[in-house]
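The sequence shown begins at 1 in the working numbering and counts up one residue at a time.
Just so you know, the hints here were simulated from the structure itself, not pulled from any lab data. Heads up, the beta-carbon is just placed ideally off N, CA and C, and yes, glycines get one too. Don't take every hint at face value.
Unchecked claim - If you anchor each label on the Cβ, the simulated ranges turn out as follows:
#, residue 1, residue 2, range
1, 94, 264, 51 to 61 Å
2, 257, 71, 50 to 60 Å
3, 221, 13, 23 to 33 Å
4, 87, 66, 20 to 30 Å
5, 224, 53, 23 to 33 Å
6, 52, 242, 23 to 33 Å
7, 217, 60, 26 to 36 Å
8, 221, 28, 17 to 27 Å
9, 79, 219, 49 to 59 Å
10, 242, 13, 17 to 27 Å
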Amino acid sequence: MATMITGECINCGACEPECPNNAISQGEEIYVIDPLLCTECVGFHDHEACAAVCPVDCCVPDPNNVETEGALIARARALHQDVDFSENFESRFRKGAEKPAAATATPKKAEAAQPAAPATPPPAPPPQSQPSRAPAEVEEPAPAFVELPDIDSWEIPVRCFKCGESYTSRPKHFTIGNVLWCPHCHKSMVVKDNLNFQIRTALKEFYDKWECDLVEFQTRREKELIEFRARRKKDLDNFLAQQKRDLQATKNRLQNISDSYDAPGRPARKRSLLGWG
1 MATMITGECI NCGACEPECP NNAISQGEEI YVIDPLLCTE CVGFHDHEAC AAVCPVDCCV
61 PDPNNVETEG ALIARARALH QDVDFSENFE SRFRKGAEKP AAATATPKKA EAAQPAAPAT
121 PPPAPPPQSQ PSRAPAEVEE PAPAFVELPD IDSWEIPVRC FKCGESYTSR PKHFTIGNVL
181 WCPHCHKSMV VKDNLNFQIR TALKEFYDKW ECDLVEFQTR REKELIEFRA RRKKDLDNFL
241 AQQKRDLQAT KNRLQNISDS YDAPGRPARK RSLLGWG
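Generate the whole structure from the sequences, applying the supplied hints.
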């Protein structure tokens, strides 16, 4: 199944450069994966590279797009026609299975120009450090709050005292002295001041509390977001300061090694006549 990115994506961008097929790109709100380019890294890795580097684990298999290993390696070969995928290609379907010597995807042209590889592959070069990337700013999507209905659109239940059946009426009909008619038995009911007061009070208290709760919630969320950004900036500043200290400490160490090295032919220090110093 192709891999998908869920709504928990924080737009850090860590997954994009890891994809061997360039299937990951920045969408309108979060990063997205093109299912026509995704091969779940079959042919290149025994795991999905995007999921391995995702800090919030939002790169997950798409249950609505299930694909076999054969279909995925066929797509990889179609996308990378200059790469020779041997029968021992890397695949998450084979993760943990015993395989012969490491079989990596190599360009066909390079393979034709070089002699056969020795039985024991040469040691791999040390990994190169990736350039530092500024952390992405966390942008939350606008919350979809529940829409509050207009106060006059409520359907207020009324039980007929004559036939016992129920019907509804709008708040504007519950004015003092207004007559409500039961649609079942056509019996009338006059609205008194206590009924009008109770309905208007219940609706006003509800709308006032709704607005107060919404303002309080938004204020608290904004405060938490400001504090979160401040913590992230402090952590980043501390990390960068530690990197600078480590860098300077290594420079000082190398300088001390160079200054203390007793190189052959180095002029000896002059000693005093009494043998001190």
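Between residue 87 and residue 66, does the C-beta distance stay in 20 to 30 Å?
Taking Cβ atoms as reference, residue 87 and residue 66 lie about 23 Å apart, which means the hint holds.
Taking the Cβ atom of residue 224 and the Cβ atom of residue 53, is their distance within the range 23 to 33 Å?
27 Å, holds
That 23 to 33 Å hint for residue 221 and residue 13 (C-beta), does it hold up?
25 Å, holds
Would you say the C-beta atoms of residue 257 and residue 71 sit inside 50 to 60 Å of each other?
With a Cβ separation near 57 Å, residue 257 and residue 71 satisfy 50 to 60 Å, so the hint holds.
Is the distance from the Cβ of residue 94 to the Cβ of residue 264 consistent with 51 to 61 Å?
Roughly 56 Å apart at Cβ, these two residues keep to the hinted range, so it holds.
Taking the Cβ atom of residue 217 and the Cβ atom of residue 60, is their distance within the range 26 to 36 Å?
With a Cβ separation near 30 Å, residue 217 and residue 60 satisfy 26 to 36 Å, so the hint holds.
Tell me if the beta carbons of residue 79 and residue 219 are separated by a distance inside 49 to 59 Å.
Between residue 79 and residue 219, where Cβ atoms are some 50 Å apart, the hint holds.
Is 23 to 33 Å a correct range for the gap between the Cβ atoms of residue 52 and residue 242?
Hint holds: Cβ distance 25 Å, inside 23 to 33 Å.
So the hint says 17 to 27 Å: do the beta-carbon atoms of residue 221 and residue 28 match that?
22 Å, holds
Pairwise beta carbon distance, residue 242 to residue 13, judged against the given window 17 to 27 Å
Distance hint for residue 242, residue 13 holds at roughly 23 Å.
The structure meets every hint from the earlier list without exception.
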